[in-house]
Amino acid sequence: MTKRVKILRQQSLNAVPYISPERALLVTQFYQEAGFLSVPMKRALTFKTIMENKAICLNDGELIVGERGPAPKATYTYPEICCHSLEDLDILNSREKIPFKVEAETRRLYREVIIPFWQGKTIREKIFDEMTDEWKAAYQAGIFTEFMEQRAPGHTVLDDKIYRKGMLDFIRDIDASLKALDYHNDAEAYYKQEELKAMRICAEAIVTLAHRYANKALELAAQEKDTVRKSELETIAQICRHVPAHAPENFWEALQYYWFVHLGVITELNPWDSFNPGRLDQHLYPFYRKGIADGSLTREQAKELLQCFWIKFNNQPAPPKVGVTAAESSTYTDFANINSGGLRADGSDGVNEVTYLVLEVIDEMRLVQPSSNIQLSRKNPDEFLKRACKIIRKGWGQPSIFNADMVVEELLRQGKSIEDARNGGTSGCVETGAFGKESYILTGYFNLPKVFEITLHNGIDPRTGRKIGIDSGDPETFRTFDELMEAFKRQMKHFIDIKVRGNNVIERLYAEYMPVPFLSILIDDCIVKGKDYNDGGARYNTNYIQGVGIGSITDSLAAIKYHVFDEKKLSMRELLTALAANFEGYEKMRLLVLNRTPKYGNDDDYADNIMRAVFEAFYNEVNGRKNTKGGVYRIDMLPTTCHVYFGSVTGATPDGRKAWTPLSEGISPVQGADRHGPTAVLKSAAKMDHVRTGGTLLNQKFTPQLLETEKGLDNLAHLVRAYFTLGGHHVQFNVVTAQTLRDAQAHPEQYRDLIVRVAGYSDYFCDLSKTLQDEIIARTEHQSF
Amino acid sequence: MKGMIFNIMRYAVHDGPGIRTTVFFKGCPLRCQWCHNPESIIRHQEIIFREERCLRCGDCFSVCRNGAIRREDGRFVYVRENCIQCGNCIEVCYAEAREMAGREMTTEEVMAEISKDVVFFDQSGGGVTFSGGEPLLQHEFLLSLLQSCKQKGIHTAVDTSGYVSPEILGQISPCVDLFLYDIKILDEARHRQFTGVPNRLVLDNLRRLSQWQKNVIVRLPLIPGVNDDQENIRQTGSFVASLGNIDEIHILPYHHTGLEKYRRLGLAYPLPEVAPPSPESLDRIVNELKRFVKTVVLGG
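Those protein sequence lines, which keep their order, are chains A and B. Note that the first sequence covers residues 1 to 785 in the working numbering. Note that the second sequence covers residues 1 to 300 in the working numbering.
Certain hints may be false.
Claimed, not checked - Take a look, some chain B residues computed to stay more than 12 Å from chain A by CB distance:
# : residue
1 : V118
2 : P174
3 : E260
Unchecked claim - Label pairs and their calculated CB-CB ranges:
#  : chain 1 : residue 1 : chain 2 : residue 2 : range
4  : B       : E109      : A       : F128      : 53 to 61 Å
5  : B       : C86       : A       : Q705      : 20 to 28 Å
6  : A       : G585      : B       : E248      : 31 to 39 Å
7  : A       : V691      : B       : E109      : 27 to 35 Å
8  : A       : Q705      : B       : R31       : 26 to 34 Å
9  : B       : T106      : A       : Q140      : 37 to 45 Å
10 : A       : E587      : B       : Q230      : 53 to 61 Å
11 : A       : K568      : B       : D204      : 57 to 65 Å
12 : A       : R299      : B       : L282      : 37 to 45 Å
13 : B       : R56       : A       : M1        : 56 to 64 Å
14 : A       : A15       : B       : Q230      : 31 to 39 Å
By construction, these hints were calculated from the structure, which means they are not laboratory data. Using N, Cα and C, we set each Cβ at its ideal position, and we do this for glycine too.
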């Protein structure tokens, strides 16, 4: 690591996240004065106002320039989506985990300017106004979460188009689309015109921002005493004049271009899962090869530029979240997830020199942002996997590993072309997408064990006594396990109906009131269709509902099937009585269900077949339902931190879990339920039909001793390859002992830099809630035998 | 065919190449004082009692018809000599304080377990390892398993003390891809003192395996004060080198983890207190052995 990178990295680590009112103020001022405009034009001019007026921040020594806010970790707010109340600001300022500092002046501006204007006009309020009573009841009960209630849809990743086209080229495309509009036969021509004009304004605005950076660089160069830095600043100015207006011509320009685009996307709105460059090694490789060949670039320079680029991501915390959204995604990480390796569009091995360079950067930077993963195809060399395993061994949870061949298969099943599939990858935590061409929206987590709890109470939520489900029958009258499963399916249908109805409304609200003309420039085929990204402009439009707690519900069903119906050791009434008492006074029964039941994660078909039945039921209920953008709903199996929130609203479960404690996470077994080592876990998990999901998340925890030797490392690589042979989608590893984690809990001051794998991302252990810390400690630790 | 198995461990990564499943046979002709698997020694079933898990509910006491559980001021004490291993107490102990060591299994049952991880064996160049106890003590059962593995193309390793008749060794060896062969002490008297048996047969059998051109890795459990002296190390190295075609020794340093197991079985730990070998002494021993054989590995 060069001295420059060391300093910038340290600055980034030391910077304290705080709320910058800059954007909120500019947006408010614009809206106060805006005239009679179509919605897309209003959004475009808002974007233009920000690009023209935001503070320009160029930090000492940096090579890639541009901050979202006025300083590193100065975090914007988006009052048109969610206007924080003064109480929200106080909570953000003072909460123990994931705080954002709020200056008195910011609070004053909110009180006097921002809140008075936005109250009653935000998307968030509109969403809650439009939701039905049964939606609200289910939401409050913790049946599901709603991603879009304080963040915009987003959830997309860029492909290679910006490395071929400048904004001026995009403007030419936009103009061609405008010219082709058929006002005589196309009833939507006017809407398209407004959307395309809006895109055009945004394309110009991002160029304006770059020119402002160019001017700033020149201004600094004029004052700079150090001749080396002076010349760097002059080069930066040149680059910012050239990109994003034009296609990049070298490695440095390629990175800088992407970064401006990134800033544009995360400033326009606060879309979920901050945008990301996707298959960065593929995109950069031609520039790298050209630079090395003509002598204009060395490997070390390329590495330094990449490292400067990495720091930029770390400087942008996820927008501040409150309420349930803060609980389901409690982290500063915004899930930009860089993909390495995989396949090329023609199906050949995608691993190249830049792939290894990126892995080196990940290893040295050791930052929670950006997140990173490898896309492992059977065509990729073992050397690539081994290199990634060597980083994983260091124990901070990156990179995670994806099955590139399975990702392609998933995309093909969804009807994507083979090229679009091979150019795709995974983003966020584990979500599969056709990069640059798909809007793949996560709509919210779905609490499978809670739906089962409501089934066991014939539609009533035992936590509140409210009837929020349907009459699915008194479980004490069920004569067979199948009757119980049928009742569960009916409850699930009821809640999925509610969820999907809600999302189809929310989707329209974003389409009508909150288009994203800047993002629409970047995703095919918005320009050709003259349609906004939020309105179905993308080539592919998928909505996901993410199932949580498959391990917990499987073990709960297994306990009932085994002890109530098969062995008849327990009656349903006895079990329900024990659950109502949270097993207090029923410890022996708890141990019976805990220790004497076939459990998911042990390669035992008794339990694993139940997991498959739950999966099928969830899949059949969701998959193929229509959204409002010409696409369909599909399922994902991932939790972020939602298994903790969902657990906190779910009473004791028949698998022996105590009330209000975390559910199982991702598709991992219940914490401690897997007793036959990692191969058994992988076998169980692979019995799920991953290809019919848009992503599954499997966590594994190893003691460092198990990976100490070369042989240990080989075996880790073999485990991964074998899991992928069986059709697994993703696996990630924590390599840390429970003892270390307990020590970190007791002495957080000594472990400030301890990073662990949470769900589809890594985070500082000390930033996690105590419950989540405990949950990670409780995950089964595979040891050396 | 049936055999007595006390454990089947998946993802066993220290008993031969790749990812393996290790099948532990119950029963051993040796009585090594350092044995870290005391539940492997006796051929028949035994009850393991983990008092720390005991809820003191007394259910075991109520179902025991043989007076093998006695109530003693709130605690339930296991009277091992009265126990007939009927397993009734285990059936009712949901806290898993009581557990049966040893299970009669058929060839098919064991093969079903082994077959579960074939995809991992194939990927990693792993397979199955038969260990114990002494797997050759149940040689007919072992042979049926080995033959089944050969039919399925599964790589086989046998972890043995070598204390077995040459005829039996000859019978099974064609089905064994790799022997993990324990050499403990070269001095005959000390071998007898610490393991309960002489070492002549052990050394002769290793010579035979070498003559039959079998793949062998010699394993040396290293017990400070027992066999870590320079003399024994040098003799071991020189004996292995004299065989000509065995070029790999694995050193298995002594560790304490067996102590707890003795307590759970109600057994006294035979070896006086010994500290695990220091990294310096391990280094010295590795270097010493490297003078005789090509590959010396610490751990399995």
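Here's how the hints hold up against the structure:
| no. | hint | result |
| --- | --- | --- |
| 1 | V118 | violated (10 Å) |
| 2 | P174 | holds (28 Å) |
| 3 | E260 | holds (15 Å) |
| 4 | E109/B - F128/A: 53 to 61 Å | holds (58 Å) |
| 5 | C86/B - Q705/A: 20 to 28 Å | violated (39 Å) |
| 6 | G585/A - E248/B: 31 to 39 Å | violated (59 Å) |
| 7 | V691/A - E109/B: 27 to 35 Å | holds (33 Å) |
| 8 | Q705/A - R31/B: 26 to 34 Å | holds (30 Å) |
| 9 | T106/B - Q140/A: 37 to 45 Å | violated (55 Å) |
| 10 | E587/A - Q230/B: 53 to 61 Å | holds (56 Å) |
| 11 | K568/A - D204/B: 57 to 65 Å | holds (59 Å) |
| 12 | R299/A - L282/B: 37 to 45 Å | holds (40 Å) |
| 13 | R56/B - M1/A: 56 to 64 Å | holds (59 Å) |
| 14 | A15/A - Q230/B: 31 to 39 Å | violated (59 Å) |
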